[in-house]
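J.: Could you put the whole structure together from the sequences, leaning on the hints where they help?
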Amino acid sequence: MTIKSFINRYSSLLMALAVLVALFLFWFVGYPQALNYQEENQLFLFSTDYFFSRFAVAGGLADWISEFIVQFYHLPWLGALALAFLGVAVQRLTLAVVSHHASETWTLLILSLLPVVLLTGVMGNENVLLSYEVALAMVLAATLGLRRISWWGDIVIVPLLYWLAGPMTVLYVLLRIVGDWRKEWWTILWLLAVELMAYAFILDEYPLKEVLLGINYYRIPLVLDTPGTLWIVPVVVVLLALLGRQNNLMGWLDRAWVAACACLIVAVAAVICIECWYPKDRYELLMQDWLVREGHWQDVIDRAEKYQVRTTYSSNAVNLALAMTGQLADRQFEFYQDGPSALIMPSVRDNFSNLPSAEAFYHLGMINSAKRYMYDIQESILNGRKSGRCMKRIAECFILNGQYKVAKKYLDVLKQSLFYRSWAEEAEQCLYDEVKINANPEWGYLRRVRYKKNYMYDYGQMDKLLGLLVVNNNDNKMAMDYYMAQLLLNVNIRDFMNYVGWVMQQRGYVQLPAGYQDAVRCIQSHGTAPGSVYAGYVKTRVMSNGVNDKQ
Amino acid sequence: MRKLYIIFFLTMLLVSCSDSPNGAVVSTELPAIYPDYKDVTIPSGIAPLNFNAVGNDVDEVYAKVKGSKGGEITAAGDYADFDVDEWHALTERNKGGRLTVTVSVKRGDGWTQYRPFNIFVSPYRLDAWGLTYRLIDPGYEVGGDIGIYQRSLADFNEYPILTEKAVPGRCMNCHTPNRTDPKEFTSQIRGENGGTLVYKNGKAVWLNTKTGPVKSAGSYASWHPSGRYVAYASNAVWQNFFTGKNENLEVYHTFSNIFVLDTETNQVILAPQLNDSNQEIFPAFSADGKSLFYSSSPKLNLPGEYEKVKCSICSIPFDAATGTFGTKVDTLLNGRRDNRSYILVRPSYDGRWLMYTVASRSNFPIAQRDADLWMMDLRTHRAWPLTECNSQQTESYHNWSADSHWFVFSSKREDGVHTRLYLSSVDDKGRATKPFLLPQQNPWKYYHAQFKAYNVPDFALTKVNLNMHQVARDILEGKRTQVTVRK
Numbered sequence: 000m001t002i003k004s005f006i007n008r009y010s011s012l013l014m015a016l017a018v019l020v021a022l023f024l025f026w027f028v029g030y031p032q033a034l035n036y037q038e039e040n041q042l043f044l045f046s047t048d049y050f051f052s053r054f055a056v057a058g059g060l061a062d063w064i065s066e067f068i069v070q071f072y073h074l075p076w077l078g079a080l081a082l083a084f085l086g087v088a089v090q091r092l093t094l095a096v097v098s099h100h101a102s103e104t105w106t107l108l109i110l111s112l113l114p115v116v117l118l119t120g121v122m123g124n125e126n127v128l129l130s131y132e133v134a135l136a137m138v139l140a141a142t143l144g145l146r147r148i149s150w151w152g153d154i155v156i157v158p159l160l161y162w163l164a165g166p167m168t169v170l171y172v173l174l175r176i177v178g179d180w181r182k183e184w185w186t187i188l189w190l191l192a193v194e195l196m197a198y199a200f201i202l203d204e205y206p207l208k209e210v211l212l213g214i215n216y217y218r219i220p221l222v223l224d225t226p227g228t229l230w231i232v233p234v235v236v237v238l239l240a241l242l243g244r245q246n247n248l249m250g251w252l253d254r255a256w257v258a259a260c261a262c263l264i265v266a267v268a269a270v271i272c273i274e275c276w277y278p279k280d281r282y283e284l285l286m287q288d289w290l291v292r293e294g295h296w297q298d299v300i301d302r303a304e305k306y307q308v309r310t311t312y313s314s315n316a317v318n319l320a321l322a323m324t325g326q327l328a329d330r331q332f333e334f335y336q337d338g339p340s341a342l343i344m345p346s347v348r349d350n351f352s353n354l355p356s357a358e359a360f361y362h363l364g365m366i367n368s369a370k371r372y373m374y375d376i377q378e379s380i381l382n383g384r385k386s387g388r389c390m391k392r393i394a395e396c397f398i399l400n401g402q403y404k405v406a407k408k409y410l411d412v413l414k415q416s417l418f419y420r421s422w423a424e425e426a427e428q429c430l431y432d433e434v435k436i437n438a439n440p441e442w443g444y445l446r447r448v449r450y451k452k453n454y455m456y457d458y459g460q461m462d463k464l465l466g467l468l469v470v471n472n473n474d475n476k477m478a479m480d481y482y483m484a485q486l487l488l489n490v491n492i493r494d495f496m497n498y499v500g501w502v503m504q505q506r507g508y509v510q511l512p513a514g515y516q517d518a519v520r521c522i523q524s525h526g527t528a529p530g531s532v533y534a535g536y537v538k539t540r541v542m543s544n545g546v547n548d549k550q
Numbered sequence: 000m001r002k003l004y005i006i007f008f009l010t011m012l013l014v015s016c017s018d019s020p021n022g023a024v025v026s027t028e029l030p031a032i033y034p035d036y037k038d039v040t041i042p043s044g045i046a047p048l049n050f051n052a053v054g055n056d057v058d059e060v061y062a063k064v065k066g067s068k069g070g071e072i073t074a075a076g077d078y079a080d081f082d083v084d085e086w087h088a089l090t091e092r093n094k095g096g097r098l099t100v101t102v103s104v105k106r107g108d109g110w111t112q113y114r115p116f117n118i119f120v121s122p123y124r125l126d127a128w129g130l131t132y133r134l135i136d137p138g139y140e141v142g143g144d145i146g147i148y149q150r151s152l153a154d155f156n157e158y159p160i161l162t163e164k165a166v167p168g169r170c171m172n173c174h175t176p177n178r179t180d181p182k183e184f185t186s187q188i189r190g191e192n193g194g195t196l197v198y199k200n201g202k203a204v205w206l207n208t209k210t211g212p213v214k215s216a217g218s219y220a221s222w223h224p225s226g227r228y229v230a231y232a233s234n235a236v237w238q239n240f241f242t243g244k245n246e247n248l249e250v251y252h253t254f255s256n257i258f259v260l261d262t263e264t265n266q267v268i269l270a271p272q273l274n275d276s277n278q279e280i281f282p283a284f285s286a287d288g289k290s291l292f293y294s295s296s297p298k299l300n301l302p303g304e305y306e307k308v309k310c311s312i313c314s315i316p317f318d319a320a321t322g323t324f325g326t327k328v329d330t331l332l333n334g335r336r337d338n339r340s341y342i343l344v345r346p347s348y349d350g351r352w353l354m355y356t357v358a359s360r361s362n363f364p365i366a367q368r369d370a371d372l373w374m375m376d377l378r379t380h381r382a383w384p385l386t387e388c389n390s391q392q393t394e395s396y397h398n399w400s401a402d403s404h405w406f407v408f409s410s411k412r413e414d415g416v417h418t419r420l421y422l423s424s425v426d427d428k429g430r431a432t433k434p435f436l437l438p439q440q441n442p443w444k445y446y447h448a449q450f451k452a453y454n455v456p457d458f459a460l461t462k463v464n465l466n467m468h469q470v471a472r473d474i475l476e477g478k479r480t481q482v483t484v485r486k
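As they're listed, the protein sequences go chains A and B. Its first residue numbered 0, the first sequence is counted upward by one per residue in numbering that gives the first Met the number 0. Its first residue numbered 0, the second sequence is counted upward by one per residue in numbering that gives the first Met the number 0.
Every clue listed holds true.
Below, in silico cross-link-like pairs of lysine to aspartate or glutamate (DMTMM-like), each with a Cα-Cα straight-line distance of 20 angstroms or less:
hint, chain 1, residue 1, chain 2, residue 2
1, A, K451, B, E246
2, A, K404, B, D35
3, A, K404, B, D136
4, B, K289, B, E263
5, B, K444, A, D48
6, B, K65, B, D35
7, A, K452, B, E304
8, A, K404, B, D414
9, A, K208, B, D473
10, A, K404, B, E246
11, B, K63, B, E91
12, A, K404, B, D56
13, B, K244, A, D432
14, B, K307, A, D457
15, A, K208, B, E191
16, A, K208, B, D144
17, A, K208, B, E476
18, A, K414, B, D56
Calculated Cβ distances over 12 angstroms to all of chain A for the following chain B residues:
hint, residue
19, I45
20, K65
21, N207
22, K209
23, P212
24, V236
25, F254
26, Q266
27, K298
28, K327
29, R339
30, Y348
31, D349
32, H380
What the hints contain is simulated information worked out from the structure, not anything from laboratory work. Every residue gets a Cβ at the ideal spot worked out from N, C-alpha and C, and that includes glycine.
T.: Structure below.
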């Protein structure tokens, strides 16, 4: 068998293999941070209650399957593999649906990649949920598997599919019409009637828009944000099915140059998808989030050395990484500093912005603040899901506070998950056991360095809060670094100069850290020291008129 | 012979399936059960007081309930799950009597039968279909998946009234009926397209109550018994957080005043005594509607002086015929003098009692760990703590049933974080009975997995019939009737 005949014979299989490898590499090498983001915004539980809670709304089965898959994103290679297989399923199903009435031409084979390419593009919007792709696969499978069922079967199939996969069922209806070339338009009206009945009698908590367009395809309720991109893929599938119906074009579609054009279309679509729907800065921040979560501090710094997004979030993440690796005093102003919020961001009501600040609070020993930020982050997940990451941290905070009864509530939920179970079971062993908790290196340390007295939190007085943390325990080296860093960010030169000697002594520095040297040089030269990175920061602050009056 | 085998087989099967506690070891100890229903007093017709035996080693529970006036029911299984109809019949039959509960617990191969305990069936019927409440994740600045719900008291069914899913991104305040009758109620939506809903006689009116001296939408509402007026507090609520491990947050208001809305004219009625620099909050009309109770604290520099917030309970005359306030303000309890804060006054609908919360500080009791329920006899002005109902944790958000013999309140006694609902009854002498936790089908499973807190409960005489889709459309549409200030 020649290579050409081998390729011709196994073209379809080779294509599937290529899709599998490409998608795996795309997610595992290219965008593992996207997997982390999805995983940290849900918590799949192995319980019947959880299953029925998902199943209680239209599209619930797709949602449940989606969350089942997303839990494996905890291990990026496994998540990428799962996504790759799902992508292959979509491609194979598309090809089967499209070429049902036609011979499998090269052009159709290549064009069957288009939905999966666009789908991958659409998922560049991190709020598009995997249930969207699962629903698409379910509907394509239903179209293929139920094609011999008579039209009257749709009286049952349409509502059933609507409940299992959601409004993506419209694709089933359209593909049936296109596929059989029959004018059974009543099925569209039937689907609409089903949706309206569900709205009137079952889904009384959901707005009509969500009942018609999807409750669980998008993290943000559709009444707040309706991305039009969600409908690109179904439209393309229908167009491909229409193309597949054109028997008179089959000869034409078999030509090499047409296949080459199809290749070009797919390639251009792929480039456009990545360029337009995977914004560099956004994905850099998601990467920082992942690295911070995993505690890969040096990787955060290494990436920031090459490229740093100029946002408060990025400053928070990089400064935390610098502190955790003992470099904050030396290198803080080598990196972008977004003003006085560069260490800790004020409370923001979304599920992402405060994550590095919450981590910083935790490592500083500001346990209540860490708990508060994590709590609000979790409650800001707009589809009401819980976060395994947040729940774990909240449980830790309750343990550190000695609130074991509440901690157990959280641990018992985490014990129903796959990837947090073993941690939760270990943590449970520590409940009510002060010796065990204090012997835990992290928990024991945090209990020692946390506030000993009760103060009222005031974000505007962050330097004082950090100062009190130091006063409460001189061993809290990170708090010392943060305190001095906050003084510098506030351009509070008086207090910085007052305390720098004491901090030198407490921290055991043999010589003044490079960052402090630079700051002192800047201060002594009244901001004119050549090459001073701190002088650059002060200049920016003066220009933005944000310097406080303590300088 | 074949028949005998079958009978023998079926008998064995029956015996193995219904493992009865015959031959149980008798213990003199009371059983450890969740919730603690020992010696509580319940109304007849309440949902069954199902319970779980405490402990990881429990294999099976067997409970026998015997009425002092006759009747007996049993439950067996993973937890004591009584039949609803049987329970209702038993409680009806034993109204004014007691139920004796004998609990046996199987651990491993052996049963232990514990000392029986009593559940008292009150002679006072609870005249309510159910409860309304808000479920909200307890804590900080993000409300999360918030919702107002109603729950049947005769069984375990819960129904949403209005949830955040229907109006994403909006926060909703609680549903306040007129003397528990949901034919008249008010509620408030905050956030974009916020407004005050006044529902009367099947008609919903959306109002914008911000006008002139009324600087914010109305909250903490109370209906005048006539159904014509509603008193609201108008305030700005803030939170500050603590760094230590024992306290979570401090809630305070930067301003708080009280106004009364005339629902017939959509006019706001103001009184200078209720709109001064002091903070007036939690208004409540008296049973006869002739006065308005409220809490008041002097102007302070907040949040800095949060520890100095000490509320007094005051009352001011109100004339419903003219819709005017009197001039003389009575101080029933002086917070500054007593170094306490008297908050959230709730007069009983029969005019006999005044229930309120006492805490060491603050005008937002749910955030105060030492908040306790107190009662005052309005005939003698004698006051006492409801020790039967109080715990080391927060007790607050109490409301009376229509006949004023029952009250519901929220308590954080379980874990210090999540508020749960308790019901208790009051006799003619003002004595409260040991409260019972709102029953659930499987209480431990339900409450342990429930991460939301119960907020602002009230009784509902009948089921609330509100078209959530219509309400959501009204909210999103944003059409509001502007109220005016009565000159």
